[in-house]
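Asker: The primary structure of each chain is shown beneath.
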Amino acid sequence: MKTLRGKEKTIFQMGGEGKRGMDLPKPEGLAPIAISGPCMRSTTPDLPDLSEIEVVRHFTRLSKLNYGVDDGFYPLGSCTMKHNPKINELIASLDGFKWSHPMLPYGMVQGTLKAMKMLEDALNEITGMDGCSLQPAAGAHGELTGVMMIRACLEKRGNPRQFILIPDSAHGTNPASSAFSGYEVKEVASDETGCVDLAKLEEVLDENVAGMMLTNPNTLGIFEKNIQKIADMLHEKGALLYMDGANMNAMMGKARPGELGVDVMHLNLHKTFSTPHGGGGPGAGPVCFLKHMAPFQPAPVVDGEGGYHKLDWNRPDSIGKVHGFYGNFLVALKALAYILSLGGKGLEQSTEDAVLAANYIRASLKDNFHVPFDIPTLHEVVFNDKKQAEFGISTLDIAKRLIDYGIHPPTIYFPLIVHGALMVEPTESESKEEMDYFIEIMKKVAKEASISPELLHDAPHDTPVRRLDETKAARNLVLRYGGGDE
Amino acid sequence: MSRFFPLSDNDRREMLRKIGADKIESLFSSIPESGQFKGTLNIPSYSEQELLDLFRNLADSNTPTQSFAGAGVYAHYIPASVDSLASREEFLTAYTPYQPEISQGTLQAIFEYQTCMCALTGMEVSNASMYDGATAFAEAILMAKRVGKKKNTVLISDAIHPHYRKVAQSYLENLGIRIKAIPTLNHKVDIETLSAELENEDVFAVAVGYPNFFGIVEPLDEIALTVREKAPKALLVSVTTEPLAFGMLTPPGEFGVDIACGEAQSFGNYPGFGGPLLGFLTTRQKLVRNMPGRVVGQTTDVDGKIGYVLTLSAREQHIRREKATSNICSNQGWCMLRAVIYLALLGKAGLRELAELNHRRAETAKKAISRSTHFEVVPGMSFNEFVVRSDTDLEDFVEHSVVNGMFPGVRLSKFGLAPDEMLITVTEMNTVEDIHRLVELMEAVK
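If you read the sequences in order, they're chains A and B.
Per my numbering, residue 1 is the first one in the first sequence, and the count goes up by one each step.
Per my numbering, residue 1 is the first one in the second sequence, and the count goes up by one each step.
Mixed in with the good hints there might be a few duds.
In silico DSS-like pairs for lysine-lysine, Cα to Cα no more than 30 Å straight-line [unchecked claim]:
1) A:Lys-186 to B:Lys-323
2) A:Lys-156 to A:Lys-310
3) B:Lys-166 to A:Lys-117
4) A:Lys-64 to A:Lys-86
5) A:Lys-386 to B:Lys-367
6) A:Lys-291 to B:Lys-166
7) B:Lys-151 to B:Lys-180
8) A:Lys-345 to A:Lys-64
9) B:Lys-18 to A:Lys-345
10) B:Lys-286 to B:Lys-151
11) A:Lys-98 to B:Lys-366
12) B:Lys-366 to B:Lys-446
No lab work stands behind these hints, which were simulated from the structure alone.
With these hints in hand, go ahead and build the complete structure from the sequences.
Answerer: Here's what the structure looks like:
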């Protein structure tokens, strides 16, 4: 994690006039410039001037200030930080794919369209759904698309309705996506088992409810045992069930949302299907849906009938477009490569190992860290800081201390219904040795909390920067180099 | 099938023992019997070698071609350093920088990207990225709506990319925002109509392309003046699919634009059949709290050392939930990284030279085409793409050209626009020889 210097100047503090990192073909035999008047730029944008080696060193040094999945244990709950196979990158960088242009005639991009269709089919098989659109560019984008489809479906029936129901354990994107689809949000409380409280659901469910967004397994890692009942209750009132598929890694080959009463859902290709997170994207958030929702999916739709692939734009009931083109195709390729590396049995094995790993960590640490919901969980386990609080130690301190031991902290302070949550999702990609190291360190940190809490308060000790002043960042906004205190 | 699994059967047995479970199935007992999937997923598996063959075959069934395609996605040369640096695992396999102490590489790169985008657009603030140009455009209008509060009409130029307008429509119609289209005159904003529409006091924003979808450099000075005079409170939004143009064009910020957004795929990212792309959104400092998306700010650590963090998160969904400025969270981080590496390599001089090279090759093509028999160039000041009109059947022409190994341009009928018009894009990837071949194909039309 350490670089030799531990810090790196910005590119704007380096280099000098006349240097360059990229040579261009000479502009020989060309027509002259034909832009004039007030639109001709008179100022020079203040980009840095650096040679290639300086750029290479700068970004190499920056990279060494980061920590990736390839560096070590990365148990971020709800993020599914599994191995990103290298072959996927090679496949997505094949010339035929990376240079394919979205406006070429269909006959020239058959390989691309076929790959899209193959992924759609595979995702339908995994989810038990009838149809799939690859257009949404991220999980939250998939949510927005799915709720828009619910709206279009209900509008077609005569009334889009007013509310979307969302459990209090949900990710913040769920209510935000509902609001941006023109809905008001009603929260549904969880019961003592961490699942949707059916009595509370009954209270808020009426003919004004358009649908419910349900994360399954939920953000506590608990399978919503009443999901079929919930679907029935919604359907009876003419409402629809949306499933947030962020946690699909817990159920591949074990349960299929299409058979649980779910009408529409999204998947995160960057979670369950191994595409790299890239320091914050690009992921992809395909939506899968039952047949009755198909008319409302984004346009265009890949049509592979008769073995010739084309895009069908004639979709009168579609919600329209949600992406400039057809979604994050190169990301979709990586997901398809992953799925075909494992096959049906392998995907199920992924799920089994992921659930086994989470339960192993839970069993190994339950005496050292409080487990607020003491019921069976699948792919992740939520602890909190209750046992450490008496020493003045918070979840944040625990997380930062783990960094000193070369471990990426778990997701912290989420879900919101758990005070001081520490959400651990090991995935199937961790060896037993790696998990045993994590368990050993967690126990050690728990011990440190009681005997030398200052070690945790002051952590991390050994990183390129230590705890940063986030209040200052928000108050004295400096959002670009040289752009302070405006 | 096993190469991704680090657990041995022995490990699995030991772990089950620790858990106190007799078999793996019992860990799934929380799934009700009626909801359990009893079959096996019907998906084949391939060894790595077979997999690569399969995908090579697919990639090879795309037809390689010399191409003048643009219309929102551009083929530019990408230096080897971009691929090499961006594929470093520390960048590629890291999560969103929620733990800043071990994410300074990503955070500083975003800060540098934000600085570069401000320099290019002449704006004061840039966010960390959006999904693509089309969604950045939709979000820019939603942002303007937050500033415009009770006002509910947005004027959108018909000379903005048709896909962008479609996406904006999907986003806006559920929220009851009224879209009023501003028609084009000679493939540009009809300023008279715009001026008349601005009489409507309900207008909260005006959106124009710069350069527009037809490649034309709109007179942003005149447009800005009209908006300021007629509706001083309305926000002016500019949208750009090819920001390389800012190497030569006066940036939107210098015309007083309030939100400059668009697509930055041109900077170091492959066409990739239109994704992943890189939406950008830049604005003025005073509007920053209405901005959607992630943003990085500079601060100091407990020892006073400079560092970077995600900031202004009080706008965002994880804090504000349904009241957030957007539902967006992390999106195109790695595409952003490629863009900032690319821009660092290009530098001041490189940016100007590359912009001029694109422009002058396009001008060379315009000159040559205007001398041809069946094609004329639609007049207007342009950067690196332009519209041609033809008296021949363009579908036949494209088909004939493709057979001859050349994709000559995007027919506007693909967007429901004029069937006799085609959008031609020329970048540094199209040589003068390619241009001559294109004109030869045009001359071969019967």
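Asker: Among all the numbered hints in the text so far, which are the ones the structure does not match?
Answerer: 5 and 8
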